[in-house]
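Undergrad: Read off the chains here:
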Amino acid sequence: MSNLVEIENLRVKFNTDSGIVNAVNGISFNIRKGETLALVGESGSGKSVTARGIIRLLANNAVLSKDTKITFNGKNINTYSEKEYQKIRGKKISMIFQEPMSSLNPIYTIENQISEVLKIHDKYSDIELKKKCLELLKQVQIPEPESRLSQYPHQLSGGQRQRIMIAIAIANNPDLLIADEPTTALDVTVQTEILKLLQSLQKKYQMSILFITHDLTIVRQISDRVCVMYNGDIKETGYTKEIFTNPQDDYTKHLLSSEPEERELFYDKNGKNIITGNNLNITFNTKVKVAGRNKTLSIKAVNNISLNLKEGETLGIVGESGSGKTTLGQTLLRLVDRESNTQISGDINFFDDKIDQLSRKQFKPFRNLMQIVFQDPYASLNPRLSVKQIIEEGLIVAQNIKNKKERLDKIENIMNEVGLEPSSMQRFPHEFSGGQRQRIAIARSFVLNPKFVLLDEPTSALDLSIQKQILELLLQLQSNYKTTYIFISHDLRVIRSISHNLIVMKNGSILEQGEAKSILNNPQNNYTKNLIKSAFEIVY
Amino acid sequence: MENSNKIPNSYFSLVRKRFFANRVGILGLFFVFFLIFTAVFADFLSPYNPAGRDSDRVFYPPQGINFFDEDYNFSLRPFAYGFIEGFNPDTFEPTMETDYSQKNYIYFFTRGWEYKFLGINLDIHLFSTKEGSKIFLLGSDAYGRDMLSRVFKGSRVTLLFALIVVSITTVIGILVGISSGYFAGKFDIATQRITELALAFPELPLYLSLVAILPRQMDPFLVFIFMAFILSSLKWAQLSREVRGKTLSLRRLDYIKAAEALGSNDMRIILKHLLPNVTSHVIVSVSLLIPSVILTESFFSFLGLGIQSPFVSWGLQLNSAQDLRTIGSYPWVLSPVFAILISVLGFNAFGDALRDAIDPYAITAKK
Numbered sequence: 001m002s003n004l005v006e007i008e009n010l011r012v013k014f015n016t017d018s019g020i021v022n023a024v025n026g027i028s029f030n031i032r033k034g035e036t037l038a039l040v041g042e043s044g045s046g047k048s049v050t051a052r053g054i055i056r057l058l059a060n061n062a063v064l065s066k067d068t069k070i071t072f073n074g075k076n077i078n079t080y081s082e083k084e085y086q087k088i089r090g091k092k093i094s095m096i097f098q099e100p101m102s103s104l105n106p107i108y109t110i111e112n113q114i115s116e117v118l119k120i121h122d123k124y125s126d127i128e129l130k131k132k133c134l135e136l137l138k139q140v141q142i143p144e145p146e147s148r149l150s151q152y153p154h155q156l157s158g159g160q161r162q163r164i165m166i167a168i169a170i171a172n173n174p175d176l177l178i179a180d181e182p183t184t185a186l187d188v189t190v191q192t193e194i195l196k197l198l199q200s201l202q203k204k205y206q207m208s209i210l211f212i213t214h215d216l217t218i219v220r221q222i223s224d225r226v227c228v229m230y231n232g233d234i235k236e237t238g239y240t241k242e243i244f245t246n247p248q249d250d251y252t253k254h255l256l257s258s259e260p261e262e263r264e265l266f267y268d269k270n271g272k273n274i275i276t277g278n279n280l281n282i283t284f285n286t287k288v289k290v291a292g293r294n295k296t297l298s299i300k301a302v303n304n305i306s307l308n309l310k311e312g313e314t315l316g317i318v319g320e321s322g323s324g325k326t327t328l329g330q331t332l333l334r335l336v337d338r339e340s341n342t343q344i345s346g347d348i349n350f351f352d353d354k355i356d357q358l359s360r361k362q363f364k365p366f367r368n369l370m371q372i373v374f375q376d377p378y379a380s381l382n383p384r385l386s387v388k389q390i391i392e393e394g395l396i397v398a399q400n401i402k403n404k405k406e407r408l409d410k411i412e413n414i415m416n417e418v419g420l421e422p423s424s425m426q427r428f429p430h431e432f433s434g435g436q437r438q439r440i441a442i443a444r445s446f447v448l449n450p451k452f453v454l455l456d457e458p459t460s461a462l463d464l465s466i467q468k469q470i471l472e473l474l475l476q477l478q479s480n481y482k483t484t485y486i487f488i489s490h491d492l493r494v495i496r497s498i499s500h501n502l503i504v505m506k507n508g509s510i511l512e513q514g515e516a517k518s519i520l521n522n523p524q525n526n527y528t529k530n531l532i533k534s535a536f537e538i539v540y
Numbered sequence: 541m542e543n544s545n546k547i548p549n550s551y552f553s554l555v556r557k558r559f560f561a562n563r564v565g566i567l568g569l570f571f572v573f574f575l576i577f578t579a580v581f582a583d584f585l586s587p588y589n590p591a592g593r594d595s596d597r598v599f600y601p602p603q604g605i606n607f608f609d610e611d612y613n614f615s616l617r618p619f620a621y622g623f624i625e626g627f628n629p630d631t632f633e634p635t636m637e638t639d640y641s642q643k644n645y646i647y648f649f650t651r652g653w654e655y656k657f658l659g660i661n662l663d664i665h666l667f668s669t670k671e672g673s674k675i676f677l678l679g680s681d682a683y684g685r686d687m688l689s690r691v692f693k694g695s696r697v698t699l700l701f702a703l704i705v706v707s708i709t710t711v712i713g714i715l716v717g718i719s720s721g722y723f724a725g726k727f728d729i730a731t732q733r734i735t736e737l738a739l740a741f742p743e744l745p746l747y748l749s750l751v752a753i754l755p756r757q758m759d760p761f762l763v764f765i766f767m768a769f770i771l772s773s774l775k776w777a778q779l780s781r782e783v784r785g786k787t788l789s790l791r792r793l794d795y796i797k798a799a800e801a802l803g804s805n806d807m808r809i810i811l812k813h814l815l816p817n818v819t820s821h822v823i824v825s826v827s828l829l830i831p832s833v834i835l836t837e838s839f840f841s842f843l844g845l846g847i848q849s850p851f852v853s854w855g856l857q858l859n860s861a862q863d864l865r866t867i868g869s870y871p872w873v874l875s876p877v878f879a880i881l882i883s884v885l886g887f888n889a890f891g892d893a894l895r896d897a898i899d900p901y902a903i904t905a906k907k
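Protein chains in written order, with the numbering used here: chain A, 1 to 540; chain B, 541 to 907.
If you are wondering where the hints come from, they were derived from the structure by calculation, not from laboratory data. Where a beta carbon is used, it is the ideal one built from N, C-alpha and C, also for glycine. One should not assume that every hint holds.
No farther apart than 25 angstroms at their CA atoms in a straight line, the calculated lysine-lysine pairs in the BS3-like style are these [what the hints assert, rightly or not]:
#1 A:Lys-361 with B:Lys-557
#2 B:Lys-812 with A:Lys-404
#3 A:Lys-388 with B:Lys-726
#4 A:Lys-92 with A:Lys-132
#5 A:Lys-253 with A:Lys-204
#6 A:Lys-405 with B:Lys-812
#7 A:Lys-410 with B:Lys-557
#8 B:Lys-726 with A:Lys-13
#9 B:Lys-726 with A:Lys-295
#10 B:Lys-812 with A:Lys-300
#11 A:Lys-241 with A:Lys-253
#12 B:Lys-812 with A:Lys-287
#13 A:Lys-289 with B:Lys-812
#14 A:Lys-364 with B:Lys-812
#15 A:Lys-91 with A:Lys-75
#16 B:Lys-557 with A:Lys-289
#17 A:Lys-269 with A:Lys-75
#18 B:Lys-812 with A:Lys-402
One side only, chain A facing chain B, incomplete, derived with CB under 10 angstroms [to be verified]:
#19 Gln-330
#20 Ile-390
#21 Glu-417
#22 Leu-420
#23 Glu-421
#24 Ser-460
According to the in silico footprint, chain A covers these stretches of chain B (three or more CB under 8 angstroms from chain A) [said to hold, decoys possible]:
#25 554-568
#26 735-743
#27 797-803
#28 806-815
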């Protein structure tokens, strides 16, 4: 196979307020004709910058080094002017992005958006354009393609929008398609469909795909060869199968070993009941104006769900976005948004106390026993408070500890326990990395010695290797304190490595409930089967 | 892109860096500091008593400073020539001829009229002239008062006035904005209608009618205070809108929910979590509000409705420049206009640069 793109010594620097940052340090690799090359790495490894460097869509403060050489189809394109580049972009090389919500212009119809890329590069009559658009929509397998032409982006789902993006990308039969995390913002089952579509289109058009991702499962599913990137360097390049079975580089080995594994987990099935919910129903009522009339739109976020957690148990809740898993969890903690007109029915018991009818004041004594850890460690820590102040808050408001020395001791202990240096307690959140921030958030919860912690996707914003460390920390804390967890996630691999029991949710209802192992090994429901297939199955 | 081992700059050092990369902003900051300096040390900087009348020196034009006399003799001590008042027999206008025989020498750090600074009686001034001679760098007004001294003194009243108005509006704006955004629901709806009323209200007619009710014989100090309250009555609305918007987006962040999960009450969430996070926004709003207050105050004082003498404000000084004849014959009575210009431009440039600097989403300019 001959090479479509040859990249030599690609080097990108950024001029930032705090000095020059090297993003890519002179890497070289080739993309062969008709292959899928995966560029895999953790956040900040420079994989997106590499892709943008190839089609020169870098940010204003980025500098592409002069000795970078990019050969495309035998032509040296790094000396091309911006005008010449515009002829290549969208025609020979096209790109799809991560966020299908923001990469389509909301004020144009689908037909406008697709025909624009056609019109820029070639001349078409109006009838030809329409025909071509329709044909493209059929190729990306959108249901009812005829009626989609006149629709606007907001009328389509996330997966459908990404299909439109793909249609735009393949409109001019490009030789190279750069896909920058195209499925990260999508649900797992949708992700599988998009990947299948890309594979079938690749076969049809004989195009090469540069696939950028952090997800090793996707790499296994789609790529022929892999480049592993770390800190602006390529650590290892090779055939996917070889790299996964026989990694050579230390970093690759480390990355592969960070994937969450199946674990043997035990808890006392005859232990105390910690939290019980019976027949929970949660409905959001929003007032909308339809044709000038006020109507109440009711959305059932949680539909008749019962659950019971014992001491030291972890219940995994898995489901796609909008399935009601976060609402369910936050309802147990009485944290559902006050402003929305929410109806909650059903009983919630914490130990032997019925807590669903308590006022905010009456509920306060329970606060230090029930805690929450959020998904995004950047949004969950107040940027204006020091680490000490963040951890201290619960000790002041929930436990009312007046003695400063006592509070300080507790803060130091918990920081040691979650793997943070107590000497850094005067520093502010922005001085810490994502993983360290999540440790701060965990310390804030565990300093109160809670009996029950809601973990709302605590690892999904983190890199693979850090994800593993956080999971291990959570397991360690659980075995020390017999804490009960609800672990919300969309990632079945993570769920498998931490939960005893499992609930699969869709549209507010439970599809399957039971022991995690038995569900994962022997799913009954078609949806669950699909979910498991998408997460674990590898197609070479 | 971020090197994980490197500790990122603190927020404020980043803001400082971005601010000082903006030349217009530095110029604005310089003007602002200059104004504050003149306001604080107005008495020291003024060569003559701003209220001191001199019937012998009415409408003196601005005098230039010389080091050489008409025979090119050098004098280390700068001086200004005096004037001989004449009379144009054709137009019946008084004329001012330079009197080369009269040299008014300038003395630095000299003693002059007495004033109080921080409760201490002082009479030292940056510069002045010997008794009997006078020099007006910006000319003198209809009562023979030194315009320069009055501009300095006026900066004190004008800035103090702006400070009072801005403090009142900031407190009200933050209180209304944060509570409206945080408590949301019906309270928010009610508060926002009131805010809209304040925003939609025609400003000038309200101010004019409110000022008109103030009794003419009122103590000038009380007029000053009442004016401040009248101006504050509408100006808080814009700020409260902005703070509300910011609060609405902040309260959805997880750390607010985390605080709630720890058992914090509303008061604590507002004071400890929301307030510090809206401050940077408020600081910018305030620096952009000051010039608008200065302008409004000048406008009222110019009409004679605002600050009353014996207080001196820039607008009040311009009050005497109301008729065309005065401006035509004595254009230097407009010199407070430049003071107003400098302060408005200075505060605006400073506020704009600050807003650009604190915006974390600002795209770094191509270097």
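Undergrad: Against each hint, give a clear statement of whether it holds in the structure.
TA: We went through each hint and held it up to the structure:
no., hint, verdict
1, A:Lys-361 with B:Lys-557, "46 angstroms, violated"
2, B:Lys-812 with A:Lys-404, "18 angstroms, holds"
3, A:Lys-388 with B:Lys-726, "36 angstroms, violated"
4, A:Lys-92 with A:Lys-132, "18 angstroms, holds"
5, A:Lys-253 with A:Lys-204, "35 angstroms, violated"
6, A:Lys-405 with B:Lys-812, "22 angstroms, holds"
7, A:Lys-410 with B:Lys-557, "38 angstroms, violated"
8, B:Lys-726 with A:Lys-13, "51 angstroms, violated"
9, B:Lys-726 with A:Lys-295, "18 angstroms, holds"
10, B:Lys-812 with A:Lys-300, "35 angstroms, violated"
11, A:Lys-241 with A:Lys-253, "14 angstroms, holds"
12, B:Lys-812 with A:Lys-287, "33 angstroms, violated"
13, A:Lys-289 with B:Lys-812, "38 angstroms, violated"
14, A:Lys-364 with B:Lys-812, "18 angstroms, holds"
15, A:Lys-91 with A:Lys-75, "15 angstroms, holds"
16, B:Lys-557 with A:Lys-289, "49 angstroms, violated"
17, A:Lys-269 with A:Lys-75, "67 angstroms, violated"
18, B:Lys-812 with A:Lys-402, "18 angstroms, holds"
19, Gln-330, "8 angstroms, holds"
20, Ile-390, "8 angstroms, holds"
21, Glu-417, "18 angstroms, violated"
22, Leu-420, "15 angstroms, violated"
23, Glu-421, "13 angstroms, violated"
24, Ser-460, "13 angstroms, violated"
25, 554-568, "holds (count 3)"
26, 735-743, "violated (count 0)"
27, 797-803, "holds (count 7)"
28, 806-815, "holds (count 3)"
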